[in-house]
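Protein sequences, first through last, are from chains E and S.
So the first sequence is numbered by the UniProt record's numbering: it starts at 1 and just counts up by one.
So the second sequence is numbered by the UniProt record's numbering: it starts at 1 and just counts up by one.
Honestly, the hints are just simulated from the structure, not real lab data.
Where a beta carbon is used, it is the ideal one built from N, C-alpha and C, also for glycine.
Nothing false has been slipped in among the hints.
Across the chosen pairs, the derived CB separations fall in these ranges:
#1 E:Glu48 / S:Met42: 23 to 31 Å
#2 E:Arg138 / S:Met245: 37 to 45 Å
#3 E:Ala97 / S:Leu189: 52 to 60 Å
#4 S:Gly126 / E:Gly81: 20 to 28 Å
Computed footprint of chain S on chain E, listed as stretches where at least three residues anywhere in the stretch have a Cβ under 8 Å from a Cβ of chain S:
#5 118-125
#6 184-194
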Amino acid sequence: MALVEAREVNGSDLISALHLSQQAPAILGHNPANASVTSSTSSADTAEEYGRIEQLFLACLRTGDDKSAHACLDRLSHRFGLANERVMGLRGLYEEATAKDNSALEKCLEEYEKVLSENPVNVPIMKRRVALLRSLNRSPDAIAALIQLLDAVPTDAEAWCELADLYQAQGLGAQAIFSLEEALLIAPNAWNIHARLGELLYVCTSSAESDAPRLAGKSVQHFCRSIELCDDYLRGYYGLVLASSHMLEKEYAHEKFPEAVTASKSILAQLKRLGLQKMGDIVRSRSVDDQHWASSRSELIAAKELLNRFEKSRS
Amino acid sequence: MAVQGDEQSILRDPALFYWILFPITVVMILTGILRHYATVLMNTPPKSSSTLAESRERHALLRGVNLRNHACAVLDREAFEARKNYLVSGFRSGSFLKDPDNRGQPPANPMTDPKGMEAMMGMLKGNMMMMIPQTLIMSWINAFFSGFVILKLPFPLTIRFKSMLQSGVMTRDLDVQWVSSLSWYFLNLMGLQSVFGFILGSDNAANQMAQQVGMANPAAMMNPMQPGQDPDKLFLAEAENLEVMEHFSILNGIEERVLQNFLTAVN
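One chain only, chain E, in its complex shape (with noise of 0.2 Å):
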């Protein structure tokens, strides 16, 4: 069932992984790995290069090509050498992904605890460790690893919005907001992220009752922002209509709450309306180009199913 779903969530990636992971014999063939010993200076030894070839390993870890990505590690660590910090966090990352079963995983646990002993600031396997312990299913444990690794380096957006997901799972909304706020003063404009945060608020509106006016304005500001830094961006359209009909049905608008910064009624009506057109305008243009935004099809079938409901509504 969570691998179902894992699936559903990135699908979107999916597709393109694969694209990548099956020209993975062409990339790795023109330039194997001995020769690279001899080219060490050529213009093939690029960041760049190595670069793409870290990229490659992971869609080849994506689509099951563990042998395409032994390759590309193996590649890494003839350049870097194994004690590379990246390099044992990729490492480790393949030994995760080739596991066969809970002992296997405990074994690499083990393993990342006694690289941890030795040199206690290894980010890429302190990182992999908190992804272990959340696929053995020991979220609070997870959830303890990344505070300290957030302690040691706050400035990691990545871990931050990792330290959301964890805690929202956990159902602890309010955490959650506020590991998403860190992560966007790190990053201000990504729009994703303020999407995300509103998403957060608009789901922590229905368990706190007291706060959900403040919560419902505040999703709705964000998704505001996410549409203003980046045009057409769906995700953004369709929380925006989602939130700001949650509010005018509950009547959160500022005529009851005046010390509220929420908006007024009118607004967001008219919000509403600004977000069903641009979705609909949306639906329509991706639907004619369908193959080129095949990775994001899910998304488009939901915003439908959207439209379709508000429709509905109105008739």
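With chain E held as given, fit chain S onto it using these hints.
Below, chain S without anything else, positioned relative to chain E:
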């Protein structure tokens, strides 16, 4: 003083070209390449922090700067005040410091601190790489080729260039177009950068190091603090900067703004 317009002509032995001008140029290029590889070999990558507390000390300042710069785009008033109070009290009390007990004491002498020693050794090595070859070559040229006039520039120059082009040749009346061997060395020293760029790739003496850093974790490598700086002082300054900051948010009234922008775009 030479009469203007009257071409000075000096008969030069062609051997001057083969045995002075050409060797100096070749030696300069080879030294440059050698120095590049020596720098690469002797360079030690910047040490990443070895304990969690040290890493926190490095990044805490950055967190304050981030809050100051980006709070207006993300936070509302409550969230901002909470973070501001947390960071200010943390900076003030020194809880972000590597070892809060040593606070207020004068910074340790960098000579006794092994890490400071290492950083200084790195700088020293870099300087040595520049200094030693230059001294050697210059004394070589001075010993063997001093006083030779080896080159005539094909264009006239003003008298000001005399000291630049004719160092080592003590004549008042020689035309500025003539270049002495020592000056040829200086010209090579300054002007061969683009040749090295052509031979060794775009940013020579650094391109391999850039790779090493690229593969390492960039966040852990970053060190905003210079060796020898007192982090406590930096923290106190940052706390003051945060305290005087006035909160505003671009999220206030964003609904109207979005409506305005997009409704005009749609219609």
